[in-house]
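**Q** Build the full structure now, drawing on both the sequences and the hints.
Protein chains: 2
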Amino acid sequence: MSIRVGVIGGGQLARMMIPAAVDLGVDIRVLAEQEGMSAKLAAVEVGDYRDAATVLAFAKTVDVITFDHEHVPQAVLHALVDAGVHVHPGPDALAVAQDKLLMRERLTELGLPVPDWARVSDAAELQVFLDAHGGRGVVKTPRGGYDGKGVRVVSGADEVADWFTALSEDANGGSLLVEELVSFRRELAQLVARRPSGEVVPWPVVETVQRDGVCSEVIAPAPHSAGRLADVAGEIASTIATELGVTGVLAVELFETTDDRLLINELAMRPHNSGHWTQNGSVTSQFEQHLRAVLDLPLGWTGSHQDWTVMVNVLGGPVGESLDDRFGAVMAEHPSAKVHTYGKEPRPGRKVGHVNVASDDLDDAVYTARAAAALLGAENA
Amino acid sequence: MSIRVGVIGGGQLARMMIPAAVDLGVDIRVLAEQEGMSAKLAAVEVGDYRDAATVLAFAKTVDVITFDHEHVPQAVLHALVDAGVHVHPGPDALAVAQDKLLMRERLTELGLPVPDWARVSDAAELQVFLDAHGGRGVVKTPRGGYDGKGVRVVSGADEVADWFTALSEDANGGSLLVEELVSFRRELAQLVARRPSGEVVPWPVVETVQRDGVCSEVIAPAPHSAGRLADVAGEIASTIATELGVTGVLAVELFETTDDRLLINELAMRPHNSGHWTQNGSVTSQFEQHLRAVLDLPLGWTGSHQDWTVMVNVLGGPVGESLDDRFGAVMAEHPSAKVHTYGKEPRPGRKVGHVNVASDDLDDAVYTARAAAALLGAENA
Chain A
1 MSIRVGVIGG
11 GQLARMMIPA
21 AVDLGVDIRV
31 LAEQEGMSAK
41 LAAVEVGDYR
51 DAATVLAFAK
61 TVDVITFDHE
71 HVPQAVLHAL
81 VDAGVHVHPG
91 PDALAVAQDK
101 LLMRERLTEL
111 GLPVPDWARV
121 SDAAELQVFL
131 DAHGGRGVVK
141 TPRGGYDGKG
151 VRVVSGADEV
161 ADWFTALSED
171 ANGGSLLVEE
181 LVSFRRELAQ
191 LVARRPSGEV
201 VPWPVVETVQ
211 RDGVCSEVIA
221 PAPHSAGRLA
231 DVAGEIASTI
241 ATELGVTGVL
251 AVELFETTDD
261 RLLINELAMR
271 PHNSGHWTQN
281 GSVTSQFEQH
291 LRAVLDLPLG
301 WTGSHQDWTV
311 MVNVLGGPVG
321 ESLDDRFGAV
331 MAEHPSAKVH
341 TYGKEPRPGR
351 KVGHVNVASD
361 DLDDAVYTAR
371 AAAALLGAEN
381 A
Chain B
1 MSIRVGVIGG
11 GQLARMMIPA
21 AVDLGVDIRV
31 LAEQEGMSAK
41 LAAVEVGDYR
51 DAATVLAFAK
61 TVDVITFDHE
71 HVPQAVLHAL
81 VDAGVHVHPG
91 PDALAVAQDK
101 LLMRERLTEL
111 GLPVPDWARV
121 SDAAELQVFL
131 DAHGGRGVVK
141 TPRGGYDGKG
151 VRVVSGADEV
161 ADWFTALSED
171 ANGGSLLVEE
181 LVSFRRELAQ
191 LVARRPSGEV
201 VPWPVVETVQ
211 RDGVCSEVIA
221 PAPHSAGRLA
231 DVAGEIASTI
241 ATELGVTGVL
251 AVELFETTDD
261 RLLINELAMR
271 PHNSGHWTQN
281 GSVTSQFEQH
291 LRAVLDLPLG
301 WTGSHQDWTV
311 MVNVLGGPVG
321 ESLDDRFGAV
331 MAEHPSAKVH
341 TYGKEPRPGR
351 KVGHVNVASD
361 DLDDAVYTAR
371 AAAALLGAEN
381 A
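Chains as they are written, first to last, in the numbering used here: chain A, 1 to 381; chain B, 1 to 381.
Check the hints yourself; a few may be wrong.
All copies of an identical chain are treated as equivalent in the list; a pair is satisfied when it fits inside any one copy or across any two copies.
[Claimed, not checked] Calculated lysine-lysine pairs in the DSS-like style (CA-CA distance at most 27 Å, straight line):
1) LYS60 / LYS344
2) LYS60 / LYS149
3) LYS40 / LYS344
4) LYS60 / LYS40
5) LYS149 / LYS344
In short, the hints are calculated from the structure, not lab data.
**A** Right under this line is the structure:
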């Protein structure tokens with residue numbers, strides 16, 4: 001019988017683990033939130049990931065549990081571990097990804113470079129921080145934010161009055177995170193994979209381009225990153241993976257500041273949009289490496305096929321029309337473009353696919369990937 | 001709704017179409033011969049591919065039908081076409097792959113280079129051919145042979161007496177194919193893909209190494225093939241694809257003779273073992289290209305990631321032991337090796353997986369691929 005990996009969550013990250021599992025000969029089984037999701041091909045069950053009994057029953061059918069997202073409650077994660085289930089990443093690591101305040105605290109304890117930050121419980125505390133940082137700051141809800149949600153750039157404490165009100169009404173109470181507005185040259189992401197026995201393998205640091213808080217483009221490796229920049233980014237991610245005990249893929253989003261520092265922005269403990277380029281650009285994709293890591297198998301080489309790989313997200317896409325209808329035009333015009341779609345209904349702003357292009361010529365890769373994505377999704381044009 | 005591709009047959013070729021389908025966003029559905037086959041993840045139905053009603057009902061659930069093997073009877077194929085189903089490759093092309101005598105006739109009519117051959121109905125006719133070709137020849141049953149089965153090298157007509165007896169007892173009657181014993185330097189394979197609207201795209205010609213009639217190793221591209229050899233091989237395969245109206249992947253097995261000619265050995269109208277290297281060595285794998293071709297989508301680039309890619313089959317493997325148990329050792333020792341297993345129970349002589357290694361150094365690729373395959377499968381050692 002083959003090794004069985006169980007994935008909680010049926011989104012596109014679970015979907016993209018399927019090819020890697022099929023190639024390796026690993027059985028992949030997905031617990032999906034609902035019918036017809038991206039990973040439906042491997043969805044053996046539909047159920048609520050917040051319900052311990054549901055998740056425990058699912059876990060009994062597999063050898064290891066991993067995740068499409070970081071939203072499984074700590075109580076459920078601990079119930080799995082208590083029942084002897086192999087859970088990767090584990091509850092303690094995931095707790096840091098689930099709570100941005102805890103994340104800032106742990107990174108600060110580890111002496112790693114982060115923006116100035118504070119825990120604030122009311123408007124007065126927030127205003128003190130803002131006054132000390134040029135009158136502006138970035139306020140984040142500690143939980144539940146992604147793709148720019150739960151994040152506001154503010155010039156005064158009153159701009160998050162609704163969040164403080166919500167907190168005061170929440171039985172759990174709680175605080176907000178405020179950070180300095182970092183003056184950055186560009187954003188980077190450093191991915192590594194770590195397996196339980198300790199091995200850590202990085203990919204090259206990449207440049208990520210955000211649009212409206214959503215990743216729109218990735219260039220691998222980040223231009224002008226060879227040498228110190230790559231070394232420091234790799235060292236930061238490797239330290240986080242080891243010190244927090246992360247297993248599987250860890251993505252560290254970084255700011256490259258205008259004064260040449262690297263500061264840690266966000267963490268993700270799963271395959272990440274900034275690593276999609278590895279599907280067509282790296283000897284080992286992030287999805288294959290994630291499976292190897294959570295199975296505690298030795299990790300694969302992460303050399304690149306070509307000098308450059310560019311990934312462009314397809315956002316939105318043709319509403320009321322299938323993406324498939326545009327395949328012909330994209331493929332005819334861009335035979336080197338690798339199109340990935342997620343089987344999701346196009347909707348404004350929704351990530352419905354991406355395009356990877358590998359080339360020894362960066363301009364060619366950027367041009368082709370953007371042109372192909374633009375043909376697929378209206379919002380990229 | 002996504003485009004739906006139906007694959008008849010649940011073997012490893014159908015299995016390896018799954019990753020390509022998932023990446024593209026194509027729904028893949030497999031009609032498997034039985035439960036638990038290699039392609040079980042996409043097997044929506046188990047049924048007999050020789051039964052027209054079964055196959056027709058399956059075809060109604062998809063947009064196009066293609067194949068894991070070439071054994072679907074002509075009557076079933078024609079029933080599909082008559083019912084308006086898109087079938088790729090079509091019955092007329094497949095007929096040529098299903099019958100080696102018909103294949104030799106058609107290639108000869110097209111003026112393409114083949115070994116000397118004859119249709120023989122009894123021992124006397126066979127002996128005449130053998131006497132005219134140095135007393136030896138290769139006798140083949142026109143149908144049902146693969147991986148060396150249905151093929152005998154003989155020095156006298158009596159060595160296939162059992163086959164003539166079987167033919168005489170067969171209500172359909174029939175003949176055997178005899179071919180000259182070609183004096184060859186090495187064996188090559190030329191793969192191309194062709195889509196219904198006519199576009200044909202080749203991969204580089206590769207060298208194939210057989211052991212006991214079974215493909216054991218592929219080197220891509222074939223060493224010393226640049227220039228005339230590659231051109232001639234590509235032209236031969238392209239002519240066959242176009243003239244026979246093949247759709248999807250066509251594999252042409254070739255002899256490179258000791259007097260510097262290329263002669264056509266066998267044809268396969270589907271993804272082929274000699275193209276497995278493309279999964280990790282080519283911008284477009286044979287499985288992705290096959291799906292694009294049968295969907296009549298523009299074909300992808302077939303440039304190579306590295307100078308060389310070597311594929312070694314894993315034959316047999318550890319009986320009574322899971323291949324998975326050996327993953328750790330293989331991955332630890334050979335981080336650049338890409339392991340593919342088919343979810344099949346190891347059995348002596350059975351193809352249960354393969355290993356691909358891409359490198360700019362041929363010796364390194366050959367060494368690593370052989371060593372990794374040897375660790376996985378006892379018979380490779």
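**Q** Confirm or reject each hint.
**A** Cross-check of the supplied hints:
Within a single copy, LYS60 and LYS344 get their C-alpha atoms only as close as 29 Å, which misses the 27 Å cut-off; across copies the closest is 23 Å, which meets it. Taking identical chains as interchangeable, the C-alpha atoms of LYS60 and LYS149 are never at most 27 Å apart, the minima being 35 Å within one chain and 44 Å between chains. In the homo-oligomer, the alpha carbons of LYS40 and LYS344 lie at most 27 Å apart both inside one protomer (11 Å) and across protomers (24 Å), since each shortest distance falls under that limit. In the homo-oligomer, the alpha carbons of LYS60 and LYS40 lie at most 27 Å apart both inside one protomer (20 Å) and across protomers (21 Å), since each shortest distance falls under that limit.
Taking CA atoms no more than 27 Å apart as the test, LYS149 paired with LYS344 passes inside one copy only; the shortest distance there is 21 Å, against 46 Å between copies.
Hint 2 from the earlier list is the only one contradicted by this structure; the remaining hints agree with it.
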